[in-house]
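Novice: Chain by chain, the residues run as shown.
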Amino acid sequence: MKKINSYNSRPLLFLFLICIVLLTTLTGCSSAKADSKIQITFWHEMTGPAQVQLEKFVNEFNKSQNKYTVVPQFEGNYNEAVQKILNTHGTSASPAVFQSMDISTSQIYNSGYTTPVQKFINADNYNVNKISAVARAFYSKNGQQLSMPFNTSQPVLYYNASLLKKYDITPPPVDPSYSDISRVAQQLYARSDKKVKGLSVEIYGWLFEQFLANSGESLANNDDGHSGTPTAVNFSGTTAMTTMKWIQENIKSGAFMNYGSGSNAPTNEMAGFLSGKLGMFLQSSADISQLTAGTEDKLGITYYPHPDGQKSNGVSIGGASLWISNDKSRKVQRGSWEFIKYLMRSQNQAAWQAATGYLALNKDSQKEAVLQKLYQKNPAARIPSQQLARTVPNNTNSGIFMQGLIQERTLTQTAMEQIYDGKNIKSSLQDAEKQMNSYVKSLNQANK
Amino acid sequence: MDTQITNKNPQMRYKQRKEEKPLMATGLSYNKSKALRDRLYALIFLGPSLLVLIVFVFFPMFRTLYLSFFLTNNLGKPTVFIGFANYISLLSSSAYLHSLQATFIYVIAVSCLTLTLGLLLAQTASQKVRGISFFRTIFSGTMGVSVSVAAIFWLFIFNPSVGMLDQLANLLHLPAINWLTQPGWAMTAVVISTVWMNLGFTFLIFFGAIQSVPSTLYEAAQIEGVSKIYQFFHITLPMISPTLFFVSIITLIESFKSFGLIDLMTAGGPDNATNLLVYRIYQDAFLSGNYGLASTESVILALIIAFFTFIQFKVLEKRVNY
Amino acid sequence: MNKNITPPITQRIGQIFLLLLLAFFILIPFLLGFWTSLLPTADISKGALWSSHISLSNYYTAITQTPIIRYLFNSLVISFFTMAVQLLFCSMSAYAFVFIEFKGRDTLFYIFLATMMLPFEAEVIPNFVTVRNMGLLNHYAVMIIPFLTSAFGTFMLRQAFMQIPKELREASEIEGLSHWRFYAKVVLPYSRISLFTLAAYSFLASWNQYLWPMLTTFSDSFRPVQDGLRQLQSQETFNNWGMIQASAAIVVIPTLIVLFIGQHYFKSGLNEGAVK
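Protein chains in written order, with the numbering used here: chain B, 1 to 448; chain X, 449 to 770; chain H, 771 to 1046.
Read the hints as simulated data drawn from the structure, not as lab findings.
Take these hints with a grain of salt, some might be off.
List time: in silico DSSO-like cross-link candidates among lysine-lysine, alpha-carbon distance up to 27 Å [to be verified]:
| id | chain 1 | residue 1 | chain 2 | residue 2 |
| --- | --- | --- | --- | --- |
| 1 | H | 955 | X | 482 |
| 2 | H | 873 | X | 762 |
| 3 | B | 448 | X | 480 |
| 4 | X | 480 | H | 873 |
| 5 | H | 936 | H | 873 |
| 6 | X | 480 | H | 936 |
| 7 | H | 873 | X | 482 |
| 8 | X | 525 | B | 434 |
| 9 | B | 141 | X | 525 |
| 10 | B | 245 | B | 311 |
So the derived label-pair ranges between C-beta atoms look like this [claimed, not checked]:
| id | chain 1 | residue 1 | chain 2 | residue 2 | range |
| --- | --- | --- | --- | --- | --- |
| 11 | H | 835 | B | 330 | 31 to 39 Å |
| 12 | B | 375 | X | 617 | 42 to 50 Å |
| 13 | B | 52 | H | 801 | 31 to 39 Å |
| 14 | B | 330 | H | 951 | 55 to 63 Å |
| 15 | B | 162 | X | 621 | 23 to 31 Å |
| 16 | X | 665 | H | 812 | 54 to 62 Å |
Ideal Cβ positions, reconstructed from N, Cα and C, are used throughout, including at glycine.
Chain B on its own, in the form it takes in the complex (with noise of 0.2 Å):
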């Protein structure tokens, strides 16, 4: 008995005590914030700096009413986003109000968990007309705007004027042909001694979907879905099997350059043509500003590429868009929409143009010093939005009403991948093609 009490374990219960009074109080403290001003959760999935130009624009909007406070929260990448905003809804953790990609438009949509910003629209006789037509009809159904559009961008190719010149080759035109692009990347590839690789196309279902739309053909059947549900999927017709063998042949001779997918591909591909190891690479037009401030090279700007011997059809916008959820307050959900009202004045839409390189969607915009100012000082900015002015909408690139895009640009990348790698381009998309037919046989089968 002597030995049991020579142990002394108070110091351990002492500890577990610490910790509880610990746990309590910190829970408390967390949720006690206290502020007079309603709070407004915004969920976005903006990075560099588009992301420290959006933080900026909701700490203006904070200071300029004394009502709401909008707070922002990076939520990482597209693909991610969606299936957290869907599964937080209806409990403390969800936003009032989020950003959502283009292709989740009609999974957001038949969700039933977001209240339609025509909602707002009506009840403030809010002019929609200032707002580009183009990308409003993307995330509208049946007259009803849906969410607001807010980063748009255009899939774009841009080159190094300044490499070029040193090389002494001639730059693409602004609507180049698969040949056009092809010529200028071997020239680079040759005349540099093997240094400096032609093009880059980023493993990215976005870009795959953008050859077809440039080519008229449609991914989904039913018009794209705009016509009805889609039933079945086509990756392997005359655009997907020109364009990727197209890609494939430069690959192996080495003009082309694959940076693989997933995040750290855009990272590595924009360092490569920063520091002057790549000459051209198709991305989203939201890379502009980025790129004229990490070189000092001159950029040059081109339409997004087409099949040689067809005339591009024109590609449909990318980016995302705002959406109000309706698990909030009726206070809260009014204030998100006086934030997205807040974000689509002209001269704001004009300096979010300025900082990112997505394209201002409000029509005055245009006439804003800062973005005459930045036309002036690089013409080539122009570009996107004269390919967006250009393009008469269609079918086929007006965007892909379907469920399940994500599994379609997971599907369509392995494709890419296998091909980049050299393997048989017909067998991998038609493969991906199979899978993706089941994917959607079964989703349409669930969601009945």
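Once you have looked at the hints, place chains X and H on chain B.
Specialist: Just chains X and H now, kept in the frame of chain B:
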């Protein structure tokens, strides 16, 4: 009657417990009120853990099994019962089989390399050389490295434009390898990073085990004039076999569950070359919203891990030299 | 041990060479990481490994421009509570398995053991729904509550408790000591080393959590450091390697220090758990 014996003779009770035979089971209840009180105590002592395990382990196990027989809609609710269709479609999908294969290659490579290198480090660090404790500290260093830190360190090394390896290859006029964009190399890169991260822990345990081998055994061997290598295989290895067993289980199971490094370094790519089972579950459930299919994948993962744990427990248990 | 036989000089050189070689390979990622964290990003992206502007400015940027300190604090809170409660719950259940007799004890113990075969990763889908329904999303609690106990911890402590001389329990029973007092006054202090080991183990396991926090946290106020680093990395569209490496260093240095101090306990305890 029995009551009295047990109460008066602690020795007897002790024996009974040693045989792991609960008293109640023998049908000779020695004291009903004590038994009742003990049950109450058992409930109090086990209650909290049981509750947590029921809510977060047992319930989800059955729920996952249940979900695996359904199609789920875009809100994740099971809507259509489809029997084994998810299982059939998975096991006939080349992409999934590819993932399975990749996972096995990864697990085997990581386990073998971790164990071998861990042993090498531990054996080397057991020598009596001046300043050896400095080396021991270094060898155990990666234990303090978490997944995301390891991923950042290695991403930098494998980076195609600024990375060390690329520059090294340049210097030696070797063709540059696109470490993370070529299937075979991406797997190699992920394996190297994982093994590096595992080494600290493995080293520490092996080292402790080698240290506890009685030195008399080595002295005897020395007198016999037996070579160091022979000593290692015939004294050290058998003596530390229980530890070897423990570490191999942990490493194997942990490798099957790898997620963080994959997510940060390759995101499952290129061409699904590093799309290991857990990453695929994440992709299908939390990116694509395909919860039924992801549940099926979870069941398969659980079965594989359970199988290996069981086999290792059962088979190695007998061979281990206690 | 081998006083009489000194190995030949070539063998000694070989040993030292091997040691240096192994140390080099273990250290290189650390060294590169720390070194680049001192260089300006502009020089790193040119591929230079030397710069005339060596400074701590990347650390300054990381601390002032990113929530890295907040992430660290979150991880500390989460890991600390997980560890503390896990010690309590595991030791309680281990105590029951060793010192309390009740019907079905063995069966229950095997059920506990069986949970070690079920990976948490395979159960995230229903668990996510559970914590959502409990209203725990985006809170410290969501990263603590599912891990309040562990089968491994229970198993490890059970092995340790079985080493306690049975005479102690007999004696205490005669003295009329209740289970509670025996548990608190004898069992816990007696197994201090194992408790420390479990503490270190569960703290580290919680610190290294990656998938679960990624799924259940949505704001920087609760995000732990592993996912914080992921967050920083994915926000970085420029290759700001200097800042990223500095953040990684900020995260790894405290753990390295803690580990080197606690190494001894960790080692001996884990071996005990492993062998017996």
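Novice: What are the numbers of the hints the structure violates, in ascending order?
Specialist: Result: hint 3 breaks, nothing else.
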